[in-house]
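**Q** These are the residues of each chain, in order.
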Amino acid sequence: MQTRFTIATDGPGLYEITGQVADWVRGTGVVTLFVQHTSCSLVIQENADPAVQRDLMAYFDRLVPSADDPAMAYLTHVQEGPDDMPAHIKAAMLPVSLQVPVTDGRLALGTWQGIYLFEHRRRAHRRKVAAMMVPA
Amino acid sequence: MQTRFTIATDGPGLYEITGQVADWVRGTGVVTLFVQHTSCSLVIQENADPAVQRDLMAYFDRLVPSADDPAMAYLTHVQEGPDDMPAHIKAAMLPVSLQVPVTDGRLALGTWQGIYLFEHRRRAHRRKVAAMMVPA
Amino acid sequence: MQTRFTIATDGPGLYEITGQVADWVRGTGVVTLFVQHTSCSLVIQENADPAVQRDLMAYFDRLVPSADDPAMAYLTHVQEGPDDMPAHIKAAMLPVSLQVPVTDGRLALGTWQGIYLFEHRRRAHRRKVAAMMVPA
Chain A
1 MQTRFTIATD
11 GPGLYEITGQ
21 VADWVRGTGV
31 VTLFVQHTSC
41 SLVIQENADP
51 AVQRDLMAYF
61 DRLVPSADDP
71 AMAYLTHVQE
81 GPDDMPAHIK
91 AAMLPVSLQV
101 PVTDGRLALG
111 TWQGIYLFEH
121 RRRAHRRKVA
131 AMMVPA
Chain B
1 MQTRFTIATD
11 GPGLYEITGQ
21 VADWVRGTGV
31 VTLFVQHTSC
41 SLVIQENADP
51 AVQRDLMAYF
61 DRLVPSADDP
71 AMAYLTHVQE
81 GPDDMPAHIK
91 AAMLPVSLQV
101 PVTDGRLALG
111 TWQGIYLFEH
121 RRRAHRRKVA
131 AMMVPA
Chain C
1 MQTRFTIATD
11 GPGLYEITGQ
21 VADWVRGTGV
31 VTLFVQHTSC
41 SLVIQENADP
51 AVQRDLMAYF
61 DRLVPSADDP
71 AMAYLTHVQE
81 GPDDMPAHIK
91 AAMLPVSLQV
101 PVTDGRLALG
111 TWQGIYLFEH
121 RRRAHRRKVA
131 AMMVPA
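Chains as they are written, first to last, in this note's numbering: chain A, 1 to 136; chain B, 1 to 136; chain C, 1 to 136.
Just so you know, these hints were derived from the structure itself, not from any lab.
It is possible that part of the hints are untrue.
Remember, identical chains collapse to one label, so a pair may be satisfied in a single copy or spanning two.
Taking lysine to aspartate or glutamate pairs in the EDC-like style, the calculated list, with each CA pair at most 20 Å apart, reads [what the hints assert, rightly or not]:
no.: 1; residue 1: Lys128; residue 2: Asp68
no.: 2; residue 1: Lys90; residue 2: Asp68
no.: 3; residue 1: Lys90; residue 2: Asp61
no.: 4; residue 1: Lys90; residue 2: Asp49
no.: 5; residue 1: Lys128; residue 2: Asp61
no.: 6; residue 1: Lys90; residue 2: Asp69
no.: 7; residue 1: Lys90; residue 2: Asp23
no.: 8; residue 1: Lys90; residue 2: Asp10
no.: 9; residue 1: Lys128; residue 2: Asp69
Pulled out of the complex, with its shape left as it was, chain A reads as follows (with noise of 0.2 Å):
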């Protein structure tokens, strides 16, 4: 039981996909939800308040400045946009992949966890999760 879900990304932030995966899986066992690409993350976060997704943009973007700021001067590869190694620095740092056990066609996610795809390039994307259901 496999499937791959696109998401339309617009610059960075947090795009939530826990609806889209919910519908998905069903049965008992482990869903993977795998990003296939080297600029974007998968994370599990706060659903509630959005100031949390704001503030976490914000901090990873401080930890992890443009390249064309003058703290990431070392950097090298640079050709594709200022935004682009810091990019690669921040999918390295967050989930490529993510597991969440699944009951009965439920997601065991807590009260307050959403699934989102992060995105760190600032043009447009459209960013592909290959999703696989293992039984348990």
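Since the structure of chain A is already known, use the hints to place chains B and C on it.
**A** Okay, now just chains B and C, sitting in the frame of chain A:
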């Protein structure tokens, strides 16, 4: 084959859960551990010298200071206390789930690897970790 | 279906293992790779421009400086060399395990994705990566 572990925490720190996971798994396959919260994490770390765990905590506290630190003045999600948004950030950066191969009922951990719940919040919590075994 | 890969490392850096993983997997399911150490990591990163890998290493070396850097004077687990505790920190922050969907014997990697062992220690090591395939 599934269960849910409850771990009582009493402030920031690493709480070892290797024993209860090792006692529960059986057969051959992969065990998924999934923490149902957005302000604590699961990590695999050295189980020999307790100084490693203290140093880890010290590092992440410096990397993600408390919201009342002037360096974090840009945070806006602060109504749940100065340790809350930093806990969300650490929870995005550190694993929400872990997968460990199991062979004939034994976790394939290296000699020095232990499994820990990493609590980021100051007040006491009861943390839930969903566990599911999928056969190889 | 399980195996263990051994990767000889000779100092810090990214060592590509995509080929040996691709050659080993078969059928349809999810492959779990699990590194049995607490001072190296597994990452999925761009396999096109080697500058990406150099920049990644440079970034993480700045984020987690050597223990003999004055900024790290608070570390106490220093008896195994100045590169040891920073290696544990990087190993907590970067993946200890990876899961990749496999369809008809093919890894579902994106065009630019390669699988790497990320060595954080300076001296030579023989690193072990447990691999297990679970059917979908």
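**Q** Compare the structure with each hint and give your call.
**A** Evaluated hints:
Taking the shortest Cα distances, Lys128 and Asp68 never come within 20 Å of each other, neither inside one copy (28 Å) nor across copies (39 Å). Proximity of Lys90 to Asp68 under the C-alpha cut-off of 20 Å is restricted to the intra-copy arrangement: shortest distance 16 Å within a copy versus 25 Å between copies. Proximity of Lys90 and Asp61 under a CA criterion of 20 Å is satisfied in both settings, with 9 Å inside one chain copy and 15 Å between copies. With identical chains, the CA atoms of Lys90 and Asp49 are at most 20 Å apart between copies only, with a shortest distance of 17 Å across copies and 23 Å within one.
Taking the shortest Cα distances, Lys128 and Asp61 never come within 20 Å of each other, neither inside one copy (23 Å) nor across copies (31 Å). Taking the shortest alpha-carbon separations for Lys90 and Asp69, only the intra-copy value of 16 Å comes in at or below 20 Å, while the best inter-copy value is 24 Å. Proximity of Lys90 and Asp23 under a CA criterion of 20 Å is satisfied in neither setting, with 29 Å inside one chain copy and 29 Å between copies. Taking the closest pair of Cα atoms, Lys90 and Asp10 come within 20 Å of each other only inside a single copy of the chain (18 Å); across copies the shortest separation is 26 Å, beyond that limit.
In this homomeric assembly, Lys128 and Asp69 never come within 20 Å of each other (Cα to Cα): the closest approach is 30 Å inside a single copy and 38 Å across copies.
Of the numbered hints listed earlier, those contradicted by the structure are 1, 5, 7 and 9.
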